[in-house]
Amino acid sequence: MRKLVLLAAVAVFAIPAISSAEDKLTTAGITVGTLGNPFFVPLIKGAEDGLQAKSPDAKITVVGADYDLNKQASQIESFIAGGSQIVMINAVDAVAVKPFVEKAKAAGAIVAAMDVSAAGSNLTVMTNNVQAGELACTDLAERLKGKGDVVIINGPPISSIMDRVKGCKQAFEKYPDIKILSDNQDGKASREGGLAVMQALLTRFEKIDAVFGANDPTAIGADLAAKQLNRSEMIIAGVDGSPDIVASLKSGNSLIVSSSSQDPYGMAKKAAELAVDLLNGKQPENEVTLLDTTLVTKDNVNEYVGWDAQR
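In case it helps, mature numbering (1 follows the signal peptide of the UniProt record, and there is no 0) puts the sequence shown at residues -21 to -1, 1 to 290.
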């Protein structure tokens, strides 16, 4: 797990010149990786609720970047031109987005990263994704009794995906009889991407004992591919704890056995509240806030509260 270094507040949480204790939020922008992933529905709702809690009339613009850095850069520039005081960002590239984050800050906006990090942002709230990957893959390894051939379906170059894969690999490394057959194929964090990558992997490898999908849509796509090719020798895990994964775990005819849960609504609401506080001069206690995850399995899915109950 990476160390979170708390830098001097004056350096990390510099307050834009436009802010004062009397500020009231009037305009904000939200840009997320894609509007096509169900995960972003509660994430966006949480951000909106957090932003409008004290400023119900604030104008909030919500856009999806389709995992396209150039598109997200243009969206941030549009927010700047529109006078957004706060920019909520779910970065499509944690590092490459930095110049545009800095541009927004230079224009006087607070930039809050949610779900994934964004270099240069004022603050970040996200799941402990290393923990999420480690939990899911430890569970897979234990179900395999410490031995087998596994694949990791990767995703876009965003911090959440990279950290999950890191945690997964750390888990598998503890089991010398587990062999990772593939870990660099991009499932594009989507059902369609997971399906396509898994089809190729199933054609390439005669036996796959377990699959880790970097998020739930990827895991569901892998499950669909296995069914299409009549392969049932494997178990599959994901990350999100989404309604779709809950349905799969309850169905009885899915290869999916677990998913590390997230709270997208609570995560984004917390990030938005911290951003509003910062706009009004209140410093966050930490630059990065990590939220713990729990593993949802076929055994405990009926006790899992799920995303809807988290709102």
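No wet-lab data here; the hints were simulated from the structure.
Just so we're clear, the structure is a prediction, and the values are computed from it rather than from any experiment.
A couple of the hints might just be wrong.
[To be verified] Pairwise CB distance ranges (calculated):
{"id": "1", "residue 1": "E264", "residue 2": "R210", "range": "46 to 54 Å"}
{"id": "2", "residue 1": "E81", "residue 2": "P136", "range": "41 to 49 Å"}
{"id": "3", "residue 1": "E152", "residue 2": "K186", "range": "51 to 59 Å"}
{"id": "4", "residue 1": "G87", "residue 2": "E212", "range": "50 to 58 Å"}
{"id": "5", "residue 1": "K3", "residue 2": "R210", "range": "27 to 35 Å"}
{"id": "6", "residue 1": "K261", "residue 2": "A98", "range": "43 to 51 Å"}
{"id": "7", "residue 1": "K229", "residue 2": "E81", "range": "39 to 47 Å"}
{"id": "8", "residue 1": "E264", "residue 2": "A98", "range": "19 to 27 Å"}
Just so it is clear, CB atoms sit at the ideal spot from N, CA and C, and this is done for glycine as well.
These are the hints, each one checked on the structure:
At roughly 49 Å, the beta carbons of E264 and R210 sit within the given window of 46 to 54 Å. The hinted range of 41 to 49 Å is not satisfied by E81 and P136, whose Cβ atoms lie roughly 19 Å apart. Take E152 and K186: their Cβ atoms lie about 21 Å apart, and the range 51 to 59 Å is violated. Against the hinted window of 50 to 58 Å, the Cβ-Cβ separation of G87 and E212 comes to about 57 Å, which satisfies the hint.
At about 57 Å, the beta-carbon gap between K3 and R210 misses the expected band of 27 to 35 Å. Against the hinted window of 43 to 51 Å, the Cβ-Cβ separation of K261 and A98 comes to about 24 Å, which falls outside the hint. The beta-carbon spacing between K229 and E81, approximately 46 Å, falls within the hinted interval of 39 to 47 Å. As the Cβ distance of E264 to A98 is approximately 21 Å, the hint placing it in 19 to 27 Å holds.
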